[in-house]
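Chains as they are written, first to last, in my numbering: chain A, 1 to 495; chain B, 1 to 495.
Keep in mind that the hints were calculated from the coordinates and are not lab data.
Even glycine gets a Cβ: it sits at the ideal position worked out from N, Cα and C.
Careful: at least some of the hints might be erroneous.
[Stated by the list, open to error] A few chain A residues that don't get close to chain B, going by computed Cβ distances all over 12 Å:
no., residue
1, Asp10
2, Asp51
3, Phe74
4, Lys87
5, Arg188
6, Asp220
7, Trp233
8, Gly330
9, Ala374
10, Asn450
11, Ile454
[Said to hold, decoys possible] In silico lysine-lysine, DSBU-like type, Cα no more than 35 Å apart, as pairs:
no., chain 1, residue 1, chain 2, residue 2
12, A, Lys313, B, Lys57
13, B, Lys380, A, Lys459
14, A, Lys455, A, Lys430
15, A, Lys112, A, Lys249
16, B, Lys87, A, Lys87
17, B, Lys368, B, Lys380
18, A, Lys77, A, Lys57
19, A, Lys249, B, Lys353
20, A, Lys77, B, Lys87
21, B, Lys313, A, Lys57
22, A, Lys249, A, Lys77
23, B, Lys249, A, Lys112
24, B, Lys380, A, Lys249
25, A, Lys249, B, Lys77
26, A, Lys57, B, Lys342
27, B, Lys57, A, Lys328
28, A, Lys57, A, Lys430
29, B, Lys112, A, Lys455
30, B, Lys77, B, Lys112
31, B, Lys112, A, Lys77
32, A, Lys57, B, Lys57
33, A, Lys57, B, Lys381
34, B, Lys249, B, Lys353
2 protein chains.
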Amino acid sequence: MSQGITPRADDYSQWYLDVIAAADLIDSSPVRGCMVIKPHGYAVWEAIRDDLDRRFKETGHVNAYFPLFIPQSFLSKEAEHVEGFAKECAVVTHHRLRAAEGGGVEPDPTAKLEEPLIVRPTSETIIWHMYGRWIRSYRDLPLLINQWANVVRWEMRTRPFLRTAEFLWQEGHTAHATRDEAVAEAERMLDVYADFARETLAIPVVKGVKSAAERFAGADETYTIEAMMQNGWALQAGTSHFLGQNFAKAFDVTFQNAEGNDELVWATSWGVSTRLVGAAIMTHSDDTGLVLPPKVAPIQVVLTPIWRKDEEKAEVLAFCRGVEAMLKPGVRVHVDDRDSVKPGAKYFEWERKGVPLRMEVGPRDVAKASVFCARRTGGKKYPLEVGDDGAAFRARVVEELDAIQAELLAAAADKLRTRSFPIDSYDALKAQLASEPGFFEVAWCDDADNEAAIKTDCKATIRCYPLGRQQEAAGRSCFYSGRPATHLAIFARAY
Amino acid sequence: MSQGITPRADDYSQWYLDVIAAADLIDSSPVRGCMVIKPHGYAVWEAIRDDLDRRFKETGHVNAYFPLFIPQSFLSKEAEHVEGFAKECAVVTHHRLRAAEGGGVEPDPTAKLEEPLIVRPTSETIIWHMYGRWIRSYRDLPLLINQWANVVRWEMRTRPFLRTAEFLWQEGHTAHATRDEAVAEAERMLDVYADFARETLAIPVVKGVKSAAERFAGADETYTIEAMMQNGWALQAGTSHFLGQNFAKAFDVTFQNAEGNDELVWATSWGVSTRLVGAAIMTHSDDTGLVLPPKVAPIQVVLTPIWRKDEEKAEVLAFCRGVEAMLKPGVRVHVDDRDSVKPGAKYFEWERKGVPLRMEVGPRDVAKASVFCARRTGGKKYPLEVGDDGAAFRARVVEELDAIQAELLAAAADKLRTRSFPIDSYDALKAQLASEPGFFEVAWCDDADNEAAIKTDCKATIRCYPLGRQQEAAGRSCFYSGRPATHLAIFARAY
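All chains, full assembly: derive it from the sequences and hints.
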């Protein structure tokens, strides 16, 4: 509990790990690359999930659940898809253990599966197999299904929340009668993600399209939201794919149109994961520890009662319970009534756990029917009158929380703005990347070889071709090759 | 959509499958023993999950997430546990696929895991490994953690919802300083399950303790709630285990007590699964199809607009939308505005999908500002005035739904009462079991051999020793052996 937090300026990667440890969000596990999400970390994910789930349902989607396992042969049906995922799959080969000589257990050779099963790295293949059964006519379309699930990708280098072998996510899989409708769906869900990131996580993002090299394996087009971390690196925070008819072809999914003719179905898929927890941590936290946007903070307000004499304790605690009752259930509030921990240690703990608003309550506060507020960020401290009107007090506290949320967004937006650099030459990009990384906006002539060469040389990659800004490249020359530009591209170092 | 439903009296098992198919709750999958939970079925599980999650949080529990995979060696650490689960485990042996000769892919022999991983059949072992890191002192206790997750048990004979290779569930895992506290927790969670079953699923249950033969592998005591299906068979609907210090011993988990001495930690675990969806289906449905308790029905009220002339359509639909707006968000309401489906076909569809309350709205209803209600069960049909007061109308509809919920519970409780048979001899049990199965309440002398013999002979098993009724066995002789009774036992055929 008393370990220090490395300052961001000294070692940004270590700072991230320290913040997570000090906030008690996760623990490493005995299973390679898999983390345990501890209660405080999981509660952040629950808040993210509930908010997104509401947005999905408001846009007409329903949830379902498909098997964890995918028959090995399914993965090969879409050529690019298997190429993208075969190298990082957990493969189930046996369905029974037996006692081993010398103790312990081992896979029972008599229980070997005829066909190995893959633990899903993503579910396009099994879902499109099922869609092949469910879709007959244009009346069955669109099919707008989402799944909340765990997936496994055998990553060699992992980082808490950002890259783990198993992670939690949602994957939307939709089927449409026309190309236009599928493209519109992929773009709509990108907007849902961008709105969610901004409104709920207080993370401003750049919406764009991926280059061919960065596309999802099996997609015709991948849309992305890219967030900027405090070190200027990019984090891909969510993707939405227009899959064309690739999976419909692979799994032979056709529908009869209104004229009675068979057509291949059009598809999208889109997902965000526990990576978003990492994005929120990296965007808002500081050298003191975790900072969480109030909308996803498991505890939004912590009340710390302070007393010296025993006769004060009952009075102060009773007042705190009264305040708690006023704030519930609209505000997630916690009264830290531990006897064994001193107030200073409590402040320290809740600060590191990212609680947005702390209220100190001593005998003098009780006498004045007020609480003494301290915001997690900004250092503002001020008394707040409680009064008799619970609803009015709650509204006042909600205002405070909204203000904190707005401040976090403003700070992150400011960062994104000041660290977005229009760059005209590759040398300038490399120099800026070495001194103060950020998003580099360049005129670019699409070329996979040049893209790979830049990645090898300075590790910068095309994060996206930002939506709505492509006209800015018109008439310009590529910052790298000098050839006529085809895109406005954003390059950055990325997680 | 038009397949018939086998009557319960003809073939109860087929009736169950037909009800599920007609309600579009699941589909079979290409993966052995795994089902796809379709949107209408998944929404029932969501309602169950949300209700239970609230109850868990109200009783002081928090959610967390532990890895899907368990190192093979962990499973062997608790002797009875491995005995119970080794025979039905999915085993991951490779972490990569490679291109196979002749096309397709195969496990890459160069990517064989040093130690195989087990897909969790339950998480005691990995969780107690982590608890060993987290628990140091009595101040760290109790630890009250729940996990919502998928688990895999390689079942040879599967049945939708009731027994599948992969299923969704929650598993609570708690750690305590004393035996008494752990026993109290196991009993408290049994009460939570029983209250939930009664209040939310409208399923009355018998609470009891399992015999040694039916205990969870690794538990000192297993508590159970047993529900009676319409054919008189029992369904184990949830279990709560007092694990003693078995897992603390296996994973060496001790705590320092207030006096500074090390003690082994006491444990419980408890779980319910998607099996509960099957329990609800089997308890309430009829020969027409699915019946769902309003509290878990994805759609509680369906509005079916009726019009003959085009000029009526707009007026009727507008009225329906108004009613919908009045009922939302307190009531889950759906307006079936499909042009392509006739009203009669709509009634048929929603009946089979188990919607508790149907409201028909024609031009004459609009003129009277009322709707014509038909309950899914009971055949009651009656007009209901809508009026101008949305809140009042909503309250009236909620009353209707509560009445339906209460009727379902009353019918199920009546069934449980009339089909619970006090039986004095084994011959009487077998005769009754052959004619009209139910719960057989018998004086019983605990004996594992006799228990096994009865199971072999007539497939009846001890469902539980019911709580609070054990004194009824005092002074009586065992219905089977004639020896002095040790327990009051409930025998039944079970799923």
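Practice item. Of all the hints given earlier, name the ones this structure violates by number, lowest first. Key: Of the numbered hints, 3, 4, 13, 24, 25, 28, 34 do not hold.
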